[in-house]
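Visitor: Work from the hints to combine the two standalone chains into their complex.
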Amino acid sequence: MTTRILTTHDEPPRPDDPSPGPRGLRREATAAGRQGGSLAGLATMIRFMLRRDRWRLPLWVLGLAALTAYFANAIGTVMDDEALASMTVFAQNPIMGLISGPGYGFENITLPRFIAGVYGVFLMLGAAMMNITTISRHTRVEEQTGRAELIRANVTGRNTQLIAALLVAVLMNAALSVLMTLAFRYSAAEPEPLSSVFLFSLGVGAVGCVFAAVTAVTSQFSAFARAGSGLAGAVLAGAFVIRGLGDMSAVQNGDLDWLAWLSPLGWAQQTAPFVLDRWWPLLLHLGLAAALILIAVGLQSKRDLAAGILADRLGRERAGASLSTPLGLALRLQRSSLTWWSIGVFTMAVVFGSFTGAMADSAAGMPPEIIDVMGGAAGIVDGYLGYMAMYFAMIITAYAVLAVLGLRAEEQGVRTEPVLAAAVGRSSWLLSWTCVTALGALWLMILAGVGDGVGAALSTGDWGLFGPSVLGHTAQTAAVWVLLALAVALYGFAPRLMGLTWIIFAYSAVMTLFGQMLQLDAKILDTSVFRHVGQYPAQDLSAEAVLLLLGVSAVLVCLGVLGFRRRNLVTA
Amino acid sequence: MITTTPSEGPAISLTDVVKTYGRVRALDGLDLEVARGEVHGFLGPNGAGKSTTIRILLGILTHDSGRVRLLGEDPWKHAVALHRRLAYVPGDVELWPGLTGGEAIDLFARLRGGVDDRRRDELIDRFDLDPRKKGRTYSKGNRQKVALISALASNVDLLLLDEPTAGLDPLMEAVFQECIREAKDEGRTVLLSSHILAQVEALADQVSIIRKGRIVESGALSELRHLSRTAITVDVTTDVPQLRTMDGVHDLERIGTRLHFSADTAQLPAIVRTLGEHEIRSLTATPPTLEQLLLRHYDDTDSNDQPSDTQILTTAQSPAGLTSRSFTEVRS
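Chains as they are written, first to last, in the working numbering: chain R, 1 to 572; chain F, 1 to 332.
So here's chain F without its partners, still in its complex pose (with noise of 0.2 Å):
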């Protein structure tokens, strides 16, 4: 059945979706919404929500409450139609052991309703796949790139994509972001899920961050940018008393001639006019990062509730204005 949709209106919208395993609630009042055309990073940590929802969307899961819209459609009612005009990633592909990886490729994407053979050969060539080889042979990395191929090789509108790089080499890894700038450009929407915030910095217009099963935050990786603080350093002869008082400076230190302290990023005119009155020798302001963002929604809550959380901030390159009481406290 093919259904005409509305060109207009966003490629996802959930509202206020919840799921629930038994007691477990994975999500609690989820929503999210990712306009037409853009590349709309998902991040959280494992067992956040971030499969669970994208599950949802491909109408393989119920869900108990709320609205779920994929390009205008009931994802659980009109799945086939829908799954046309989408193409899915998930983070752990599994083929069969004894398909090749050409034949899983063409198979997935004549499913879903055709491939395009120039592209599908490109794209073998780029990311440096042997497609004749048995799908029980192939290392995880491998079976990743069959999806991803697939994926990319088909003429769709939407890319679900769940971790897609997990396995993948930084070599390939480049590729990869490389092809969703072209899917982009081309004018796709790519819903991106990932822990890997580089990634997401590198490719996403918008983020949404889950947490335990509700988006604690979303927009433009810009505007989130400035709620929150941005790293200074500064090398200058005298003290700068009036910093101490000053409203949007934190954790203020002095070490030798060097002052390190972290500004909200909307007070940054003032803290810099501030500074402009003394003999400055050096001054180094580090934009906050993806990492900090998200540490903002997951150093602020017990440290043991979810040990996923201390595994994001453990491996989360520790950046020098985030303030060593966050990172204390949630490792001990």
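Just chain R, same shape as in the assembly (with noise of 0.2 Å):
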């Protein structure tokens, strides 16, 4: 991976020899060491970087400019007028204000308006997680390897590794902007005009360069990549929620639209492409950026290369005594990941719950297709609690399937043989690991149902409200079991196609979040796990569709077991 580096230094610059190196290094640290030196070797690192990633950049930009075109024709060549017309209702519920946005122009409805407005959200988090990976993989974690101690050792700054993989983050924004103003311009949704689509595109390509400034600040705090990107994603996460509500409220003409404007996310959606056509909030993007880069400049330039800011404690000189079995192993792994996880969820369900009230007080004036969606005769309350039950099993899937792929990570990081060479069985430590992650599962749906709860029990004033939520979203777990389930099934026989899990999970979300929406028959939409258990208390709960779940979750974990002990072990 190091080629580039390394032909700098395939010929010795010769003493006698008047002209400067070759090219890369030599050369350019003594242009950069008139001017101080921090960035020594900058165009080097950066053609390093590109080369790196010359499969990774074109996959991320083109994938993400290809599901561009896949919205853009496929609404618009199944939406026609009339289709159009009746989305005017639907896409102004408050329920599409948390999750796409603030609806500009939804009143007047066009195709470009409806897919801006609902689908921009999800290419922006499409390319946040493109620069928070971006970023980390080129900072943090070349940092971690131990290979940023190579590049540094010669004629490079403290700051190139950081400022070249900010830059190279900003190509790929600018590269996924145009190429996204071509997708969507040349679609069968027909936007107009050209301006606008830039806007749009760029919108989306600003908000990458939002996260890729924040994760370069993340990455300074701890030593170790992963709690760099984590503290990143949360950023993330906590952008798209407060946009959210802020929609929400917009939506229903609510006082709390300013908090869209707390968030990266908001701005770029308040340019409000093909609607206002305002500029000026990217101005908002490039502030934040700008002075993110500064900060993280400034904390790089203050630390040692690879400690963060934050040092490393001691530790217990014994193990306590749960640390005994593959059960407590596997609980002592997951446990800062679930803590987090727990913080993050009980929050948001607090958060969400509390809206409650505000729902109830505008269901009078809403019209009669919105609350049919939000649960219809059963009321608006209980049907906005149902939605958000199975709302939340679609986020705590993310956290089942990512505890699943951390057991893969600890089969690949060589930490496994060593459990597995002492008196450890397989099924036992395939078993404990799924045992600890499902309970984790089951207990953050009870933690979302109980913050649910208690946030429409307080904005509403009735307590009646708390049981139904806990009961609703717990028995949603079963559909969460399903796809840990499947996750582990597939580590136990083909551990490298574990992403497919993935790929269901997006099918489910898409299926459950857009299905009615795109008015899809009723038996393509069952296709996805979280449309079974019943949306409690707006549904009945179903104890076939919940037995059925919780079956063959325990059918795929079966398969998952044997195939884990017929499997020679990932080795070093």
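Quick caveat, the hints were computed from the structure, so don't treat them as lab data. The structure presented is a predicted model; accordingly, all values stated were derived computationally and were not measured. Idealized CB from N, CA, C, for every residue including glycine. One thing to keep in mind: the hints can contain errors.
Going by beta-carbon spacing under 10 Å, a handful of chain R positions derived as facing chain F [said to hold, decoys possible]:
id : residue
1  : Gly76
2  : Asp80
3  : Phe224
4  : Leu314
5  : Arg408
Guide: Here you go:
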């Protein structure tokens, strides 16, 4: 991977040779040396990063552009004017505000407005993920693995890698914006004018740039790459939730719409392409990114290579009594992630729940179509709580799948081998890990139910909502477990295919969130695992569905164990 | 499941074991036997199949054909029961970033069936390890110490050590050697895979040399020495013409009054008798080192068939009596 670095050393510079070095570090070093040197070797570093990312970069950028093309063409083809008009009401409901955006211009809806308003935020999330992983990969991961030391030992400045990574990220975002403009412009949606299309795409790129800068800062704190990217992910989740709450308020003409202005995702949506066509919110992105980069450079200049700002403290000399069994180890290894998820899920649930009151108050003024979507006759409050149960099931599925993926990371990190080399059977290890994850998912669902229940009860004054909320959320755990078990089964047989779980998950989530809106047949919608348990309290819980999902989960876990007992372990 | 095992019979026995990864034959009919209570050196360059063999013995990898017995049992079927009776140290220890070294030591030992606390503390002291540090802050050598301490503090019959001292400094290497001698005195069996020849020479009773997935030489170190050549330098006033025609004399060379040659160890008595008839001012005989034993198996093939072969040769110290032919040939 370090070919470019190595080639600069292939021919050692001769002392009697007056010409500057063949290319790369030496020449740039002298140029940068005059400028203070903290950016020496920048051009070489950028070329090197582009070389490393010669597949990754185009895959991300083309992938997101292709997703844009897919949304634009699919919606553009499926929706006729009549269908679109019926969307007007639908797309203005508070749930759509929460998951999609403020819905600018939906009262006089057009295809481009619909696509930008409903799908734009998901493209922004994709761009943010692209930037978080890119920055982490080229900065903290390099430091953690010790490769940064090899680079820094050459004529490279202290901030070269960070700045080079940021420039590569900016380049990726620029390429993304251009390709997205083209993909959207020449789609079946036929958006006009071109400047609005560009504004929309530039907003997505601007969000990407902000999260590149966010990751540059969060990566400074811990010596551990996962902590840095995890923190950046938490900022992204926070940005999504805050603008969601603001937009939910906005579509109900509430007075909390300013919340959207606290989020970089919100700024991009506030450009309102195809409606207001405001360019100035992009300046907010620019300013925030610049400030964050200055902070990152400042922090980086103060710390040692490969060190965090937060120092490692000494720990226990002896293992506690619980750390004696595979179950104890699995719990210990998943503990910190579960703690953070618990905090996040509970906070989110209380916040979401506390919007129940506002929802109930505005229900009187809502058109019957929306009432219908929100759970119909059972009333808007029950509908909202039932929907939240399903919504949290999706979020917590992400936790469960990530936790099972951790099992693979353990194996690839050669940490499973010494455990199995002790008197621990394979079934015992796999089941211990699965058990901790499954109970963790159950715990998080209960926590979400409690949070939503407390929020709902406080905002409406009706504590009768608490019990049903907890029950409705808890029941949805069955759906979470199916995808968890699928990941376990894939781990047992073909760990390399574990990513398939994400595809099934994404499919189920899209079907559940957008399927009804796309007016798909109920039979197709029912292929989503999240649509079977029933959105209690708005709908009845289906005991058969819960038992069926539990049965499927059990079978999948057994398959996983069978597979794991048979296969070779991944070794160093 | 606890199984009763006959206490006689070899500790480790592999017969005609084949392991393939796709088209690559990692083990190609490997035979290996380790008797109970012995320290068995397992030598070979990187990629020869040492780690694969040990992982098959652990029941972590399957094998395609052949028979594998560990303490009399099939390690794939009875992995858990067997693992109560053995401890394993890999050459590249990975620890959990958030667990301290002390926690990892206890965890491994407890998962094996128990830890001798007094022994654990004594070993931590001898290996000079701070057990309160987190796994991510340890250097390679310290991670290695964690696995070693945990293995040595467990009361087990068998130690499977796969290049266990990679990254340890010479002081710690000495502590390690002491500990292995103690383990031997306590009657434990040790399979010590290594490419540090001095370590194997100092510790092992028996040695097996692996090359490309096959055992090419196996036996007591003294027996193996017998098969090899002794380097001899004689300062003698007159020429010794008989040497030119004698069996067992190789690469004879005369520089000034000094004769250099290498002698088949089996022919030494005859050679010494012949030399005895001449005016000898000094005589130096260097017994074959393990390097030479290894080189016997690695210098007679193409130099480019396996890069790691060359690495072994060039890092080995050139023994005085080793033929210059073998070195130049392999290095070219």
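Visitor: The structure should be examined with respect to each hint, and the outcome stated for every one.
Guide: Right, here's what the structure says about each hint:
Taking 10 Å as the C-beta contact cut-off toward chain F, the hint placing Gly76(R) at the interface is violated, the least distance being around 47 Å. Among the interface hints, the one on Asp80(R) is violated; its C-beta lies about 54 Å from the nearest C-beta in chain F, farther than the 10 Å criterion. The interface hint given for Phe224(R) holds, since its Cβ lies 6 Å from the closest Cβ of chain F, which is under the 10 Å cut-off. The interface hint given for Leu314(R) is met, as the beta carbon of that residue sits about 4 Å from the closest beta carbon of chain F, less than 10 Å.
Hint on Arg408(R) is violated. Least Cβ distance to chain F is approximately 14 Å, over the 10 Å limit.
In the structure shown, a violation is registered for the earlier hints numbered 1, 2 and 5, in ascending order.
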